[in-house]
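J.: Residues per chain, in single letters:
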Amino acid sequence: MAPVVDRLKKEYEGTVEFRLFNVDEDTEGQALMQQYGAQYVPTFVFVNADGTSAGQLVGEQSEEALRKQLDALN
Amino acid sequence: MNNQKVILWIIGAVVLVGLGTLLFTPKGGAGVVNVGDAKMQELVAQGVRVIDVRTSGEYEAGHIPGAENVPVNEFAQAAATWDLTQPVAVYCATGSRSASAVQTLEQLNFSQIYHLDAGMIAWTGEVERGTAVAAAPVVPATALDSPMLYEFYTDW
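Quick note, the sequences are listed as chains A and B, same order.
According to my numbering, the first sequence is numbered sequentially starting from 618.
According to my numbering, the second sequence is numbered sequentially starting from 54.
Treat the hints as calculated values from the structure; they're not laboratory data.
Glycine included, C-beta positions come from ideal geometry on N, C-alpha and C.
Any given hint might turn out to be false.
[To be verified] Covered, in the sense of this in silico footprint (three residues per stretch, anywhere, with C-beta under 8 Å from a C-beta of chain B), are these stretches of chain A:
1. 635-647
2. 675-682
[Claimed, not checked] What the simulated footprint calls covered on chain B by chain A, stretch by stretch (three residues with Cβ under 8 Å from a Cβ of chain A suffice, anywhere in the stretch; the number is not a length):
3. 58-69
4. 128-139
5. 146-158
6. 200-208
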C-alpha cells in the first residue's frame, strides 16, 4: 500500500492532507484510531474540512477505491 | 586439619552468600515472563488480571475472555492505580504495543508481569466479542484546515 498512498499523497498535495500513523509506535495515532472507532489495520479514515467523517475503508485498497473517497471529500 | 576447617568455612560462606542472593531479591524491576498461548490460558483460568491494550474497536471485535480494555495511550495513568503486588498479564495484537505497557509496569515496580508477546494473533482459546469496558468518548467534529486522510497501519 505504501507506494500507492505515497503517489496519492503527492497528487493530492494542497487539496487533502495525508497523515499516516504506525499505531504500534505513535500515541497520537492510537488516540485518533480510538476516536474514530477504527478496529483493524490498515484503516483509512476520510474527514471533511468541517471535521465531519466522510467514511472509512478497512484493509488494503485499490488506488481507484482511495481516489473515489478522496474526490468525494469537501 | 586446619586447612580442612578453612576450606569448610569458605564453602559455608559461599553457600550462605548464594542463598542470600536467591532469597533477598531487590524490590522493583521484577522479571517479566513472556508467555505463549497455553500459559496465557492457564493465567486466565486462575483469574489473573488480563489487560488488552488495543483500541476499543479492536477489543470489541474480539478479545480474551475477561480481559479489561485499557488502550495503550491510557495505560500508564490506569496502571498507577492498580495493586502492584498482584499479577498482571498484558497483550495487544502482535506484541508491540503490549511491550510498551510491560515497560510501564516494570517502571511502576509491579512484581508479577506476564506478557503474551506474540499477541492476540497467537491466541487459540475462546474469544469474547462485544462492548468494551470503557466506551470510546464521543468527540464533536472540529473544523480542519483541509480535508484529511488518516491511515492507521502497523509494520506486520
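J.: Each hint: holds or not?
T.: Verification of the supplied hints:
1. 635-647: holds (count 11)
2. 675-682: Since 0 is below three, the answer is violated.
3. 58-69: Coverage by chain A is violated for the region 58-69 of chain B (0 residues, Cβ < 8 Å).
4. 128-139: violated (count 0)
5. 146-158: holds (count 4)
6. 200-208: holds (count 9)
In terms of the numbered hints stated before, the structure departs from hints 2, 3, 4, listed from lowest to highest.
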